[in-house]
Amino acid sequence: MKYMLLIMASSVDEKGGAAGCTVEDWMAYDKEVQEAGIMVSGESLADLVTATTVQVGADGARTVTDGPYAETREVLGGFYVIDVPDLDVALDWAARCPGARDGAIVVRPIADFGV
Amino acid sequence: MGEPTASVEAVFREERGRLLAALVRRFGDLDLAEEVTSEAVEAALARWPVEGVPPKPGAWLMTTARRKAVDRLRRDQAFAAKLAILQVEADRADPVPAPEPGSELPDERLQLFFTCAHPALAAEDRTALTLRCLAGLTTPEVARAFLVENATMAKRITRAKRRIREARIPFRVPGADELPARLPGVLQVVYSIFTEGYAASSGPALQRLDLAEEAIRLGRILRRLLPREREVAGLLGLMLLVHARRDARTGPSGELVLLEDQDRSRWDAPMIADGSALAVTALTGGPPGPYGVQAAIAAVHDEGADLAGTDWPQIVALYDVLYALAPSPVVALNRAAAVAMRDGPQAGLDLLDGLADEPLLRGHHPYAAARADLLHRLGRRAEAASAYREALGLVGTDPERAMLQRRLNAAERTESP
Chain A
1 MKYMLLIMAS SVDEKGGAAG CTVEDWMAYD KEVQEAGIMV SGESLADLVT
51 ATTVQVGADG ARTVTDGPYA ETREVLGGFY VIDVPDLDVA LDWAARCPGA
101 RDGAIVVRPI ADFGV
Chain B
1 MGEPTASVEA VFREERGRLL AALVRRFGDL DLAEEVTSEA VEAALARWPV
51 EGVPPKPGAW LMTTARRKAV DRLRRDQAFA AKLAILQVEA DRADPVPAPE
101 PGSELPDERL QLFFTCAHPA LAAEDRTALT LRCLAGLTTP EVARAFLVEN
151 ATMAKRITRA KRRIREARIP FRVPGADELP ARLPGVLQVV YSIFTEGYAA
201 SSGPALQRLD LAEEAIRLGR ILRRLLPRER EVAGLLGLML LVHARRDART
251 GPSGELVLLE DQDRSRWDAP MIADGSALAV TALTGGPPGP YGVQAAIAAV
301 HDEGADLAGT DWPQIVALYD VLYALAPSPV VALNRAAAVA MRDGPQAGLD
351 LLDGLADEPL LRGHHPYAAA RADLLHRLGR RAEAASAYRE ALGLVGTDPE
401 RAMLQRRLNA AERTESP
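In order, the protein sequences belong to chains A and B. Per the working numbering, the first sequence runs over residues 1 to 115. Per the working numbering, the second sequence runs over residues 1 to 417.
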């Protein structure tokens, strides 16, 4: 079963990492995920100021605005997709993620559209 | 063996939860397990009164349910293929236990307890699912217990089951390292069923004893399944020690009778003895937990010959321990009431007034009522009357409202000479 771990940072420093977590913390976590053989994909996102939002209206008109779609207090800083047996295992991996200590990890099952 | 229908129902009461848990374990799907459990029970209801109860009713139900599940899986191959994959993963993680001696079915209800009380489910869904799956209540019975419409409850249960399936909340007992974090969630579900039964939050009746009894039944099952967990003993002890007072707690017309006015000869002495023994177990052999301490407080109350003969210093000391373990304004409120009994109403009132800014107590009628009682005892009638009026504005059940009204009337009678 695949789960996406959305890494929500309460604040983001200039390198895009959550404040308070060292680069070494993230490298160590990434290595653990790789070595456990559960990694499907994962990326760290560039700074929020680089985001661009696209919407297409009912008339087909495209609106492009700078910045993210919704300004929320917490910022999506990156994600992992992991393949593990069940939610408890996914929650364990989320809890070990350095981002869980400064912000929060939202765990979402990947939709399964049949066999 | 007695009248057939009675024994049929007794068997179901005992076996339904076990059957469901074993089927969930086998097929990995709560919906399928519930469906075939119900079908097996229906088959038994149709056949047993005619043919007699089979010598191994649990095994009969299990075989029937399993056959129905296999039929269903033959009809729906895609579903079957998916379940098969799930099962391989589940078996790898958690091998099937053997049935214990003297029982027809392995007892796998503990897995189901932890699934139903999983922190990824909403709190209200946890209670509803536990009543449905482990206490074996029907959806309309669960709806009645929560005073909501059938359709609302059906929707809630469906939503919770869907979440279990789609987020794949596992059916497993947490490992020893996780147990301390997960067990309180299970105990909380059982205790919230009990407190809703004991002091219903709304409605015409003060106590819904059937709900309290269901909670005790769940507590006994947990106690059997986790004999070494002292907090389980504490929770069961607490529930028994409180439930032992049920008959004395309401008067002939359903009115609330406070602890101080209860006829203690109507307390259930054997139940108190059971509860006290469990409280001792809960507090022996390790650091105390919050349920064990609450059980001990209830035991001290139950052992007092009357209000004056109650060991108030001991109760205050236990509240101090409880507050250190689980600090909450409600514990502070109860401690203040005990201090008032030990040191007099002014000492209690001082503590209560110190809690006035607690947001949790602002809409809490026991806080206003406790202040009112102490003010009344201090002869400050006008302030007492005003506090009773405040409590009346917050109270949920009719018997409690009537009791507060009587107290308000008493305060007002003496208010102006």
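The hints are simulated quantities; they were obtained by calculation from the structure and are not laboratory data. The model shown is predicted, which means the values in this text are computed figures rather than measured ones. We put the beta carbon where it would ideally sit given N, CA and C, even for glycine. Take the hints with a grain of salt, since some may be wrong.
[Claimed, not checked] In silico lysine-lysine, DSS-like type, Cα no more than 30 angstroms apart, as pairs: (1) B:K68 with B:K82; (2) B:K155 with B:K68; (3) A:K2 with B:K161; (4) B:K56 with A:K2; (5) A:K2 with A:K31; (6) A:K31 with B:K68; (7) B:K56 with B:K68; (8) B:K82 with B:K155; (9) B:K155 with B:K56.
[Unchecked claim] Calculated Cβ distances over 12 angstroms to all of chain A for the following chain B residues: (10) R168; (11) Q346; (12) H365.
[Stated by the list, open to error] Facing chain B, from chain A, some residues (calculated, C-beta under 7 angstroms): (13) M1; (14) G42; (15) D86.
Do the hints match the structure? See the list:
| no. | hint | result |
| --- | --- | --- |
| 1 | B:K68 with B:K82 | holds (18 angstroms) |
| 2 | B:K155 with B:K68 | holds (25 angstroms) |
| 3 | A:K2 with B:K161 | holds (19 angstroms) |
| 4 | B:K56 with A:K2 | violated (42 angstroms) |
| 5 | A:K2 with A:K31 | holds (19 angstroms) |
| 6 | A:K31 with B:K68 | violated (47 angstroms) |
| 7 | B:K56 with B:K68 | holds (19 angstroms) |
| 8 | B:K82 with B:K155 | holds (25 angstroms) |
| 9 | B:K155 with B:K56 | violated (35 angstroms) |
| 10 | R168 | violated (5 angstroms) |
| 11 | Q346 | holds (47 angstroms) |
| 12 | H365 | holds (35 angstroms) |
| 13 | M1 | holds (5 angstroms) |
| 14 | G42 | violated (20 angstroms) |
| 15 | D86 | holds (4 angstroms) |
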